[in-house]
Amino acid sequence: MSSDSRLTRAYNNAKVIPFDDTSKFILFSDCHRGDNSFSDEFANNRNIYYHALKFYYTEGFDYCELGDGDELWENSNFEAIFEAHKNVFKLLKQFHLEHRLHMIWGNHDMVYKDEDYVKKHLSSYFEPIDDKDKSLFEGIKYHEAIVLKHRDTDQEVFLTHGHQADWWNYTFWRWGRFLVRVLWKPLQVWGIADPTSPAKNYTELIKVERRTKKWILKNNLKVTVVGHTHRPRFPEPGDIPLFNDGSCVHPRSITGIEIEKGSISLIKWQINTTDDGTLRVVRILLEGPQKLADYINS
11 MSSDSRLTRA YNNAKVIPFD DTSKFILFSD CHRGDNSFSD EFANNRNIYY
61 HALKFYYTEG FDYCELGDGD ELWENSNFEA IFEAHKNVFK LLKQFHLEHR
111 LHMIWGNHDM VYKDEDYVKK HLSSYFEPID DKDKSLFEGI KYHEAIVLKH
161 RDTDQEVFLT HGHQADWWNY TFWRWGRFLV RVLWKPLQVW GIADPTSPAK
211 NYTELIKVER RTKKWILKNN LKVTVVGHTH RPRFPEPGDI PLFNDGSCVH
261 PRSITGIEIE KGSISLIKWQ INTTDDGTLR VVRILLEGPQ KLADYINS
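As numbered in this note's numbering, the sequence shown has no gaps in its residue numbers, which increase by one up to the final residue, 308.
Hint data in this document are derived by calculation from the structure and do not stem from the laboratory. Heads up, a few of these hints could be off.
[Said to hold, decoys possible] Straight line, CA to CA, 25 Å or less: simulated DMTMM-like cross-link-like pairs of lysine to aspartate or glutamate:
#, residue 1, residue 2
1, Lys271, Glu297
2, Lys271, Asp31
3, Lys301, Asp285
4, Lys130, Asp164
5, Lys64, Glu297
Using the sequences and the accompanying hints, generate a full structural model.
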């Protein structure tokens, strides 16, 4: 199956979420939450991510995670990841309880396409203090893609992880997981990167972006937001509307995409130092806001 066919299938099977100019969404991807070991890249930015997530929860945003939220290539089970980042998952649970949590699976958490796996591992957790199981993401469903559809204009925003345009990481993800666990994870401590990852291989990154752009051109310039490559993208109106929210494992910062008041923005959260030496987590606007209507193909 070609990347074009995989993207088309993801779009056709996508969960549709109606929205309008009063809706608010934050899109993050590629958190790669791990077990807090030396290979857990998310651990370096956990406090930044948690602060940002708390802000969006308080401000009434819906949270959309565009794949690779949990690092299930390096780690064999969700339980270790949950224990390492319990405060994060408890906050995500609050989104879920208010029906504001929308999850997409990527290549590193592709096991979540199995509803039985999700039900078994994510529905509840054991709390040692109370010596009993407690609910977590009871009833949650992961999707390959989500389509945000505007109630008034019918404009669509297609959300998916983006590995559909990466034949190795989509078709042979089990081989990729095996190689990461037995080879690249131990080598990571020496600074040796996995060459099959588009986030660490510029040549592969360009190929993935080119294939995705071809699909967008064939599909009426549909606004598309992906992750996977970890490279933030924010096109100008008139360009091919391929957006990328970046990742949550940049050095000392995380990036994401906000959709609010009918506009789209690329943002970054990082730690800044004030004049008196106080460290603060701050939100920085990188691009936008740009009206989504400006990307409608006329």
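So, going through the hints one by one against the coordinates:
1. Lys271 / Glu297: Roughly 15 Å between the alpha carbons, so the hint for Lys271 and Glu297 holds.
2. Lys271 / Asp31: 4 Å, holds
3. Lys301 / Asp285: 35 Å, violated
4. Lys130 / Asp164: 37 Å, violated
5. Lys64 / Glu297: Satisfied, since the Cα-Cα distance of roughly 22 Å is no more than 25 Å.
Comparing the model with each numbered hint stated earlier shows that hints 3, 4 do not hold.
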